[in-house]
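Asker: Please construct the entire structure, taking both the sequences and the accompanying hints into account.
Each chain, written out:
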Amino acid sequence: MTTFLIVGIVVLLIAIIVRIAKTSEMVSVVKGTKETMEENSKTFAYIFLGFMFVFFGGIAWSLMKYKSHFLPESASVHGVWIDNIFNLTLAVTGLVFVLTQVALFYFLFKYRQRKNAKAYYYPENHKLEMWWTIIPAIFMTVLVVTGLFYWYKITGPAPEDAMVIEVTGKQFNWIARYPGKDGVMGKRDYSLINDNNIIGMDWNDNAGKDDIIPTELHFVKGKPTKIIIRSRDVMHNFDLPHFRVKMDAVPGIPTTFWFTPKYTTEEMRKVTGNPKFNYELACAQICGQSHYAMKMAVKVETQEEFNAWIGGQQSYYTTVMPAAAPAPVAVDTTAKAESKKAGI
Amino acid sequence: MSASTHHHGHVDQESIYHDAVWHEHNSHEPANQHDHHDTFFSKYIFSMDHKMIAKQFLVSGIVWAVIGGLLSALFRIQLGYPDEHFAFLQTLLGHWAPDGKIDPQFYLALVTMHGTIMVFFVLTGGLSGTFSNFLIPLQIGARDMASPMLNMLSYWFFFLSSMVMLSSFFVASGPASAGWTVYPPLSALPEAVKGSGAGQSLWLISIAFFIISSLLGGINYITTILNLRTKGMSMARMPLTIWSFFITAILGLLSFPVLLSAALLLIFDRSIGTSFYLNEIYIGGRAILDQTGGSSILYQHLFWFLGHPEVYIVILPAMGIVSEVLSVNARKPIFGYKAMIGSLLAIGGLSFIVWAHHMFVSGMNPFVGSIFVVLTLIIAVPSAVKVFNWLATLWRGNIRFTPAMLFAIGFVSLFISGGLTGLFLGNSTIDIELTKTYFVVAHFHIVMGVAAFFGLFAGVYHWFPKMFGRHMNSTLAYVHFFVTFIGSYLIFWPMHYQGMAGLPRWYYNHNSYESFSHLGDLSKFISTVAVIVFICQVFFIINFFWSMYKGRKVTEANPWEATTLEWTTDEILPIHGNWAGDIPTVYRWPYDYSKDDREFIPQTEPAREGEHVV
Ligand code: HEM
Ligand SMILES: [Cu+2]
Ligand SMILES: [Cu+2]
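So the sequence lines, in the order shown, correspond to chains A and B.
At position 296 of the first sequence the residue is numbered 296 (the working numbering), and the sequence of numbers has no breaks.
Quick note: to get the working numbering, add 1000 to the position in the second sequence (first position is 1).
Simulated from the structure, these hints should not be mistaken for lab results.
Just so you know, not all the hints are guaranteed correct.
[Stated by the list, open to error] Below are the DSSO-like pairs computed for lysine-lysine, each with C-alpha atoms no more than 27 Å apart in a straight line: (1) B/Lys1550 - A/Lys22; (2) A/Lys34 - B/Lys1101; (3) A/Lys110 - B/Lys1595; (4) A/Lys127 - B/Lys1338; (5) B/Lys1338 - A/Lys118; (6) A/Lys270 - A/Lys223; (7) A/Lys181 - A/Lys221; (8) B/Lys1595 - B/Lys1338; (9) A/Lys110 - A/Lys42; (10) A/Lys67 - A/Lys42; (11) A/Lys221 - A/Lys270; (12) A/Lys31 - B/Lys1524; (13) A/Lys22 - A/Lys34; (14) B/Lys1595 - A/Lys118; (15) A/Lys299 - A/Lys221; (16) A/Lys295 - B/Lys1101; (17) B/Lys1524 - A/Lys276.
Answerer: Written as structure tokens, this is what we have:
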């Protein structure tokens, strides 16, 4: 019933507007279409000027209103650099935006059609054109140079002592793997994957027997963390929005991203003023039906808390092969994994 | 350049045209008598008249735009009201919307098909097809395209491609669902998403036909522009519309074949067991052992090698149209004509070497990424020059607010807004944060989607009198403009905010993460405006089709007082062959507005004594 009502009203409204439009066309024909256009030009000039004010006002208002919705201060060290360049770019583009849009709407207002007025024949001015090629070029150079300076820092090699974690994407969840006590991740082979061996661990490799596959990702505050990102089916994207981390997970081609967490979950709760705040790992590359819900909980904690947590985890080997003896459990998950790069 | 510049003789053209098309006429008097030879089929269906082919592309483009728009309205309903059920969705979509709620896989199909349709069928086929066909012969002073036959084939390949794409909606497993870029492995494996079954096969076949259509069209446009210009129409006197169609056609010719290769390799991976793109995959409960060693990154390189030029294939014709409309209605020459051509060439050239800015986080070597950062930000310079030149064209004009002019103005505003966000994305460091979020969606919809649509609308409102001999209703056009202009900003501006809040694209439900769930009310607002703006496009549709038959008749040959050749045809509605008498000769550039106390000086007017002409 309401559907019909809404459809009815919409159709009626459209019909009325069409009717008015036809009538006004007849009126303008009687008056002369050229004359009507001249008369209208003032109206349009004011509408555009009005639009400009509402436009800028709306942007300012909405920015204030939604500021709190934007990503809060970065929870990683490099994220702060990204945010700074973002802000620099925002300042530069914001200035250009205001200048050019104001020029546009002001010119429409000022130079609207007037009776007997004449446009100014002004086909070119090489000097002017040269300047407005050079000035944007200078701005671009500044943006590129600052951008690339940080780009190389961010994408450069991870520090020697970085903690290494492997994360594998699959439809539709993430599988994290920490090396066990030996600090080395065991070999894996995709042809060994089955329901009881979700990333295809090669059990002939003893290095893998203590590897841990927990259901949550844990990072240590202040500890450089290198993620080895893989996929076992289609492409995914390892997305930690609060850490400003994104990297594709490509089947058959491991990728990496390293970063240093800056705030523990607890601290971030204070930063955001949200006592229930939690970090999340998302998938940012279309990967099928449940792409929109392919998440994993993430926790950042102190080294002590982390040690306690990982100490309480069982190795994957023991969980899938209950008969086997419990493997010793890891505390130190650092550099050695790097050096051996097992399973990659 | 002197007035006597003379590249191609009148005679050549007449003979080409004579041999190629019209058997029965003496080409020097291509009079109207030929009408009685036309059957319904040869006139409306298998027409070889560039103007009829243009109209075929235009009407097809409009039909596709309605379909593409409807799809977006449907998925916006899901995004705006994720918890509600709508009976009409089930009526419309059947098992794709059980209980009135869109199925998550079908959501992806809707998004994929929306993007595919809008980018390829509306803004490439519809926009270039319409205006390149309609304007190239008319504005350079030719009787038709170099090969009217290829031109007709170009439309019919487009039609065939359209039908194949449309049919994919009716296969049981649904249309392609891997995003408009159809990255493998998602697009290669039916186990990964249903749409990667028959729907994806049809998608690939359709795109192959589309590419053929586009190549046939492009070759023709280039040849026609190079060879069939009338006497006096040197390259340096071509309207910017023609320049933009010319460069667009070259871009298409060089980049579409690469997409064809990408698609072919994908077809091979899907059907004959090759592994160009596949590697170490476990899916559907089994490891795919015999297809290893490929790289899905290879596909991305191939796709974007077309994909980036493609976005310029979409926008350059719109830029050409806007330049023309702005100049006519500001009653001023386009400012910096040479710089406008130079920037078109620069953008065209650079567009081939920036593609990997779509792949900053694909795992590509960071050094390679940095090269693409530099090249990408270089391309922003000619784009900026264009904006400044448009603004300078308006400066001290005598601006007539025709409907076409409103859309051209809207284009400039949108192009500024959307171009500037490119500077964020082109900077790889910032792109880490923004890539694959709604910020990208906002960027490309404003700078490409809406802006190119505005170019299309400007073109239709401006050349409708020449196409159909009737006027469109201005009041309806004004309503259409303001709703669409304001509505588009209301829809796409807040998407920047969603992107700055980290919200990824391609999500069926924006509330599934705690990190993003507070964005739900913005999504609802966007969806509501999107549906309203979509409905308001009826003002254009009604106006277009009604005016075609019932609109006020055009009485003057040159209603906008423009200088270009299309307004010099002997009849208001040009006959097949365009000029009943001799083809006009050109004596000056197309932008002599408000020169020497004249309101405008047509290109066909010889220079007066002592007058300096370009
Ligand atoms: C001012 C210069 C521009 C720059 C620097 C720029 C930069 C970029 C970058 C870096 C991306 C990739 C973002 C990402 O996926 O993370 C992008 C996406 C895109 N841009 Fe631009 N852009 C510019 C202008 C344009 C223009 C003029 C168009 C079209 C007319 C356009 C259309 C697109 C499209 C369609 C996408 C997204 C494709 C997709 O992922 O589905 N851009 N742009
Ligand atoms: Cu995903
Ligand atoms: Cu691009």
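Asker: Taking the earlier hints as the rules, which of them does this structure contradict?
Answerer: 2, 10, 12
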